[in-house]
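J.: What follows is the residue order along each chain.
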Amino acid sequence: MQEAMINKAKQLLSEGVVNRVIGWKRGEFAYDITPAVFENAEEIEKSFVYDDFTAANVSKYLVKESKKDGKILAFLKPCDTYSFNQLIKEHRIIRENVYIVGIPGGPKLDAEKIKAKGITGILGVKNENYTLKIDTIYGEETMPFYEAVLDKCASCKSKKHVIYDELIGEDGDTLDSNRFDMVEKLENMTAQERYDFWRSQLSKCIRCNACRNVCPACTCEKCVFDNPDSGIENKAPSDSFEENMFHIIRAFHVAGRCTDCGECSRVCPQNIPLHLLNRKFIKDINTFYGEFQAGEDITSLAPLNEFKQNDCEANIIHERGVE
Amino acid sequence: MLKISLDKLDKLFEAITASKTLYIPVDREDGAAEYRKYKSGMKLSNALNTVRSAKDFFFPQTENLVDFKMDGKNIEVIDIRKESEDFVIFGVRACDARSFTILDKVFLAEPVDSYYKNRREHGTVVTMACTRPAETCFCGTFGIDATSPEGDAACYSDGENLFIEAHNEKGQKFIDSISALLEDGDTAKLEETRSKTREILKKLPLANLSTDSFGGDKLNEYFNSDKWGELSESCLGCGTCTFVCPTCQCYDIKDFNTGHGIKRFRCWDSCMYSDFTKMAHGNPRLTQLERFRQRFMHKLVYFPANNNGEFGCVGCGRCLSKCPISMNIVKVMKALEVK
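So the sequences go chain by chain: H and A.
Letter by letter, the first sequence follows residues 1 to 323 of the working numbering.
Letter by letter, the second sequence follows residues 1001 to 1339 of the working numbering.
If you're looking for bench data, these hints aren't it; they were derived computationally from the structure.
For every residue, glycine included, the Cβ atom is placed at its ideal position computed from N, Cα and C.
Everything hinted at is true.
Derived DSSO-like pairs (lysine-lysine); straight-line CA-CA distance at most 30 Å:
| hint | chain 1 | residue 1 | chain 2 | residue 2 |
| --- | --- | --- | --- | --- |
| 1 | A | K1202 | H | K46 |
| 2 | A | K1227 | H | K64 |
| 3 | H | K113 | A | K1202 |
| 4 | H | K204 | A | K1263 |
| 5 | A | K1227 | H | K46 |
| 6 | A | K1196 | H | K126 |
| 7 | H | K113 | H | K160 |
| 8 | H | K117 | H | K133 |
| 9 | A | K1011 | A | K1043 |
| 10 | H | K46 | A | K1334 |
| 11 | H | K71 | H | K10 |
| 12 | A | K1082 | A | K1105 |
| 13 | A | K1105 | A | K1254 |
| 14 | H | K126 | H | K160 |
| 15 | H | K117 | A | K1202 |
| 16 | A | K1043 | H | K204 |
| 17 | H | K133 | A | K1334 |
Derived Cβ-Cβ restraints for the label pairs, each shown as a range:
| hint | chain 1 | residue 1 | chain 2 | residue 2 | range |
| --- | --- | --- | --- | --- | --- |
| 18 | A | E1230 | H | G231 | 32 to 42 Å |
| 19 | H | I232 | A | P1284 | 18 to 28 Å |
| 20 | A | P1284 | H | G231 | 21 to 31 Å |
| 21 | A | G1259 | H | A302 | 32 to 42 Å |
| 22 | H | S14 | A | N1046 | 46 to 56 Å |
| 23 | H | G172 | A | K1189 | 53 to 63 Å |
| 24 | A | H1260 | H | K283 | 34 to 44 Å |
Derived list of chain H stretches under chain A, where covered just means 3 residues or more per stretch with a C-beta under 8 Å from a C-beta of chain A:
| hint | stretch |
| --- | --- |
| 25 | 33-41 |
| 26 | 112-124 |
| 27 | 203-213 |
| 28 | 266-275 |
With these hints in hand, go ahead and build the complete structure from the sequences.
T.: In structure tokens:
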């Protein structure tokens, strides 16, 4: 796949269709991939990479990149196309300045999951028939591929590209994913159990803002939490509950716009399953307003942006009960 | 050297807690490790390092500095400083131990930061030599020997026993307080373990990373380098690198109106944030490139310029594994390096 992408990028650059390419750049190790913009064939030959670790969603970078001169080639995985669409819908990306080549997506791997097995000194990772052969300073280690898959890929919602100019490989379909399983588990807990679950998770937060900054739905030019004039800017929590509020407020703000790309949880340095907050909203929207997938198209009105006479009333919360 | 069998560690921890509060790294359910206040039954983590560094013990993420109470036109200033309790941080790695030396240069230089000093004086740092360094480790680049960590006292494991030695008076006092549990031990196997670890350290992928091209006199070489654009282009502007870093020491001080008084607090700040260094006239660093550059120039040029050549990095590797876009000091050094 990587070779086909490199050839495609070089072709589109040489034909003058695009003047830049956004993709992923090889790092020091097998897994430390950085999203990058390439300007010529030489750079691409040297460091362009697409493999099991190229998980980063590059759609959000296109907010800025699509406003620069010329057209940029973006390789988008199926999940990334939903983010891209949603950003178009929100008038954040200039569509005609992006040439989209749809590429097959994951499942992508999570280096942290390999390390959590106690495997360290990682020099190389190879996937041989879905067994990972990991070359380390301490000798070769193996582990099943699927045990190292990123959470976001383990419950993949779609193999379908919802927007593209051309595809490499064949397009897939939306999947009947198990993505609401954990949400249901949380719903079935007592209020106290659920509270304890979220307290234990969110109290790990170091307020680095990585979740917010990577989130394609978080594109405010100045977040209220960063604005000293907003009165609620907070680099420091005033009490031990404030981190919880930050994440809950953020989940509310992206409700109906979150495509469930899973980047928030992928980048969290403290492994907080932040995507579960968003999924709860997605599940509730599906239940109360009918199935809706943010980013699936660029024209539909989002349920929370639209009023219908048969919309559920706010007291649904009481009707459902709190437990 | 004095030793205790590894299966008697809980006895050791109980003995320490008899007189002091003890913090040890423990494993969380998600596989990561973090420091926690020791309670009976807790097991020492085998993880190489914690996600948050040990700097939190001396330089917490948030702390209140002073309170103000208003009564009409009178302002009462309330000094809320209290003598810190005595505490022990056990299992600090060589990289984090060195970070305290770096933080000391900032907080214990005149004017001395009394909040930091208070905790520093009451804290005993007991380090733990590494036996399984990771590919992200590069403490050797900064002259740190992972098999001989600094600290008030140091521990070394040979797989069966934990050997302990004091480095100063505070460390000796610590050892005296647990001496009933210790016995003299033969270090032959330990020396074997340590030399094996040293061999591994030499083979690490970053073993040859050098600071030779950096230092206090390199401002002009690097400040205007055309590499910064490419290096910083994907930076999300989050604070992960700065908050997991054991040596990042920038903070913000603010007043918080509680409705019935003012609390002046300080909290970690990050040079990656858009309001960092914002002043009355505005912000001198308007782009992420400038913010990104600041972080690395501080560690590789400005800090050594002001601190006799000491770099502001200890090679713990946390930013290498935690940066959401995998951009870090190693990549910056390799890209900038003028051979």
